[in-house]
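Full structure from sequences and hints, please.
For the record, the sequence lines run as chains A and B.
Heads up: take any position in the first sequence, counting from 1, add 4, and you land on the working numbering.
Heads up: take any position in the second sequence, counting from 1, add 4, and you land on the working numbering.
Treat the hints as calculated values from the structure; they're not laboratory data.
Please note: incorrect hints may appear among the correct ones.
Far from chain B, by Cβ distances over 12 Å, these chain A residues were calculated [claimed, not checked]:
1. GLN7
2. LEU26
3. GLY34
4. LEU42
5. GLU57
6. PRO81
7. LEU139
8. TYR141
9. LYS213
10. LEU215
In silico SDA-like links for lysine to any residue, alpha-carbon gap of 25 Å or less [said to hold, decoys possible]:
11. A:LYS146 / A:THR56
12. A:LYS146 / B:LEU157
13. A:LYS60 / B:LEU48
14. B:LYS110 / A:GLY142
15. B:LYS133 / B:LEU99
16. A:LYS60 / B:TYR14
17. B:LYS30 / B:MET175
18. B:LYS118 / A:MET131
19. B:LYS110 / A:SER140
20. B:LYS110 / A:ASP147
21. B:LYS110 / A:ALA143
22. A:LYS155 / B:ASN136
Bear in mind the structure is a predicted one, so any value in this text is a computation, not a measurement.
Virtual Cβ for every residue (Gly too), placed ideally from N, Cα, C.
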Amino acid sequence: MDQFAADFYKVFIRANRYEMFLDGLKVTIGVSIAAVILGVILGMILAIMKMTEVRKGRKTLFSVIANIYIDIIRGTPSVVQLLIIYFLVFHTQMGIVAGVVTFGINSSAYVAEIIRAGIMAVDNGQMEAGRSLGLSYGATMKDIILPQAIKNILPALGNEFIVLVKETAILGYVSIQDLTKASDFIMSRTYTLFMPLIGCAVIYYLLIKLLTFGLNAFERRLRQSDIR
Amino acid sequence: MIYVNNLHKYFGELEVLKGINCRIEKGECVCVIGPSGSGKSTFLRCLNLLEQPTKGEITIGNTNLMDKNLNVDELRKGVGMVFQHFNLFPHLTILENVTLAPIRHKMMSEEEAKKKAMELLDRVGVADKADNYPVQLSGGQKQRVAIARSLALSPEVMLFDEPTSALDPEMVGEVLEVMKQLAKEGMTMVVVTHEMGFAREVADRVFFMDEGIIMEEGTPSDIFDHAKEERTKTFLSKVL
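Shown next, in the form of structure tokens:
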């Protein structure tokens, strides 16, 4: 027990090391939020590009481009993508931005599929009903399809956010001081393994718990019209 | 009111409509009957361009539906449609279902749209459900709301695509009653239906469709009591 307390002191208190964890956590959260925003925006654009195929009933230039993009992103590891973007695109400048761009692009491929699947899951009769009332394709999408698709999209999107937050743990590969890198650094400074690693895991766990809680609350509000 | 000449529709290689010709006058209620797969629904859906006809002529009022520059949304405001599966918008209340289109089309203010919607809901007997969501209604109530939703745009023609086929038997009557009322008030109606009783009682004319054409047409009595075509007789002997 004394050993535990001593380790705890060494890892978190001495030399204000908790600040390193906090700074790392800030980077993890910051990159995650920025990447999620970028990923959703890109994902929506990709989904719209893919949907042109459904509307026209044949492949379009947009849908082909979107499909190739998604295929490449899903077919390569995110660590490799990060290294490529950091070293080849950003030439080791602006590491944080490179991280945001990497995870934004990576996430967008998955988000696009989630959004598309969510829209396709809405009964086709809804589009027909909207159009038969003289609403345009766009207006029907906005007022009728999307509000329903959100309910299909949100749980899967929440899952994608969670995956993304944890995936940012590879930021250390390009020497960005995220939460994982911070615990790595403290391990090498204190020559203890247990406390920095478990501490790091617990912080991630609590972060994800918080995210899950928020998403569930939001989802419940969206389900209002399902209550009998 | 509606004029159709030599209407053809292909789905890929499959020819579903093989030359439909008909004329429907203003205020007429026409019931379309026939075996499944005969093209009844496809014909109906061509009338508001939910299906794009392959060739032929369709005119509704003064609008040529085959015109390349046709404003389809404008046409559909004047041609209401009621679906077999109601297709109410589940995320909106009953009142919002009815007011959505008139408000979006800026045909009236929100207040006026609500007032008109309440009148329509009252007319179809579901005014007390205005603030409920569709999931809380029975099938018959949903279909009556769907009729009110179409009527909210004051269409000149109403299309019904098997409006009672998805209903429990005890709810069929209440929907047919609303439709009967509508026909009496002089609405131009085209009804694809399996309700022979309704067709006989309410229709001004009945079309018997089979194999992608209108095989026989006439007054309900012509069709139900004095059918000339063998196919019509066979069909009626099975369903009556």
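Status of the hints after comparison with the structure:
1. GLN7: holds (58 Å)
2. LEU26: Holds: least Cβ distance 42 Å, greater than 12 Å.
3. GLY34: For GLY34 (chain A), whose nearest Cβ neighbour in chain B is about 34 Å away, the distance exceeds 12 Å, so it holds.
4. LEU42: Label holds. Min Cβ-Cβ 28 Å, cutoff 12 Å.
5. GLU57: holds (17 Å)
6. PRO81: PRO81 (chain A) clear of chain B: closest Cβ-Cβ about 39 Å, beyond 12 Å.
7. LEU139: The claim is violated: LEU139 (chain A) sits with its nearest Cβ about 6 Å from chain B, within 12 Å.
8. TYR141: Its Cβ does come within 12 Å of chain B, the nearest being 9 Å, so this is violated.
9. LYS213: holds (29 Å)
10. LEU215: holds (25 Å)
11. A:LYS146 / A:THR56: Roughly 16 Å separates the two Cα atoms, so the pair holds.
12. A:LYS146 / B:LEU157: holds (20 Å)
13. A:LYS60 / B:LEU48: It holds: about 22 Å lies between the C-alpha atoms, which stays within 25 Å.
14. B:LYS110 / A:GLY142: holds (16 Å)
15. B:LYS133 / B:LEU99: holds (8 Å)
16. A:LYS60 / B:TYR14: Holds. LYS60 (chain A) to TYR14 (chain B) sits at ~17 Å (cutoff 25 Å).
17. B:LYS30 / B:MET175: violated (29 Å)
18. B:LYS118 / A:MET131: The given pair, whose Cα atoms are some 23 Å apart, holds under the 25 Å limit.
19. B:LYS110 / A:SER140: Holds, at about 14 Å.
20. B:LYS110 / A:ASP147: With Cα atoms ~15 Å apart, LYS110 (chain B) and ASP147 (chain A) stay inside 25 Å; holds.
21. B:LYS110 / A:ALA143: Since the Cα atoms of LYS110 (chain B) and ALA143 (chain A) sit roughly 13 Å apart, the hinted pair holds (cutoff 25 Å).
22. A:LYS155 / B:ASN136: Judged against 25 Å, a Cα distance of about 19 Å means the pair holds.
Checked against the numbered hints above, the structure violates hints 7, 8 and 17; every other hint is satisfied.
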